[in-house]
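J.: Following the hints, put chain Y in place on chain G, whose structure we already have.
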Amino acid sequence: MPSESSGSYSFNILLVEDNPGDVRLACEALTENHVKHKLYHVDDGMQALDFLHNNGIYQSSPKPDLILLDLNLPKINGHQVLAEIKSDESLKKIPVVILSISHSEEDIARSYDLNANCYVTKPLDINEFIEVFGRIQNFWLKTVRLP
Amino acid sequence: MEPNESSLHPIEILLVEDNPGDSRLAKEALKESKLKNNLYVAEDGVEAMNFLYKTGKYSKMPRPDLVILDLNLPKKDGREVLAEIKNDDNLKRIPVVILTISKAEEDILKTYNLHANCYVTKPLDLDQFMKVVRSIEDFWLTIVKLPNGKNE
Numbered sequence: 000m001p002s003e004s005s006g007s008y009s010f011n012i013l014l015v016e017d018n019p020g021d022v023r024l025a026c027e028a029l030t031e032n033h034v035k036h037k038l039y040h041v042d043d044g045m046q047a048l049d050f051l052h053n054n055g056i057y058q059s060s061p062k063p064d065l066i067l068l069d070l071n072l073p074k075i076n077g078h079q080v081l082a083e084i085k086s087d088e089s090l091k092k093i094p095v096v097i098l099s100i101s102h103s104e105e106d107i108a109r110s111y112d113l114n115a116n117c118y119v120t121k122p123l124d125i126n127e128f129i130e131v132f133g134r135i136q137n138f139w140l141k142t143v144r145l146p
Numbered sequence: 000m001e002p003n004e005s006s007l008h009p010i011e012i013l014l015v016e017d018n019p020g021d022s023r024l025a026k027e028a029l030k031e032s033k034l035k036n037n038l039y040v041a042e043d044g045v046e047a048m049n050f051l052y053k054t055g056k057y058s059k060m061p062r063p064d065l066v067i068l069d070l071n072l073p074k075k076d077g078r079e080v081l082a083e084i085k086n087d088d089n090l091k092r093i094p095v096v097i098l099t100i101s102k103a104e105e106d107i108l109k110t111y112n113l114h115a116n117c118y119v120t121k122p123l124d125l126d127q128f129m130k131v132v133r134s135i136e137d138f139w140l141t142i143v144k145l146p147n148g149k150n151e
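First to last, the sequence lines map onto chains G and Y.
Numbering (numbering that gives the first Met the number 0) for the first sequence: 0 to 146.
Numbering (numbering that gives the first Met the number 0) for the second sequence: 0 to 151.
So that you can see chain G by itself, here it is in the shape it has in the complex (with noise of 0.2 Å):
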């Protein structure tokens, strides 16, 4: 179910993400931001691409604005999902913010080479986890433009 900010609302956000305690957090953080959007949440990677997709339950769902996916994921893992994401011509132009806890460089440079259009490490302390997700948001919506 999408959380919806107060008043009308703007951006349509994909949060893929199977940590509940993660995707609570998120919430928080784009709350507090006072940005209009609303925020969907899945939590494995086949999830996602239905969604995407518009499969079964997913077929009134809208085309997120922005995508934040975690690398690793049940059924699909990420990195699947990003390649696809970036390989299909109706949803390459989606920007995708990667968010892993992974500090890998191997998993970094991957992402990187499937298009992910940018890589953030998840802070493992709360309050900076809140301010991470809030400067994303911040950066996505505030100050850049979405196709």
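No lab work stands behind these hints, which were simulated from the structure alone.
Just so you know, even glycine gets a beta-carbon here, dropped at the ideal spot from N, CA and C.
Treat the hints with caution; some may be incorrect.
So the derived label-pair ranges between C-beta atoms look like this [stated by the list, open to error]:
(1) Lys130/Y - Lys35/G: 32 to 42 Å
(2) Ser89/G - Lys102/Y: 20 to 30 Å
(3) Ser9/G - Pro122/Y: 13 to 23 Å
T.: Only chain Y this time, still in chain G's reference frame:
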């Protein structure tokens, strides 16, 4: 979260911009960064590609960690530069931030489809312009992990 100020390797930034006023302002804004960085300016698309391929006088130049690219450039257009970078297996990993006055939906769509990492429009107002460059610097140098691990 705190940027690592003792970093030995400065972050190398290539700005592709033909307007000297804009590159000067960008330089000023980047100088204020907490992270050590070197800004190189290429004034047209051909120079930008020579820099990236280390051709001729650019043979000793570092590989940039981030490219900030204007779209309307002399000799070779920014859209072509972007397409070349993102189709080159050796260069595609480098994040490319589009910074342009164009607000045309067509440019925005086309550049994202060419795998621009993000698209930012240049405000005409000077203070706003500095603010935008600072936000780019703040996000890409301190929040994002760049592909070389320098801002780790």
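J.: Which of the listed hints are not met by the structure?
T.: 1
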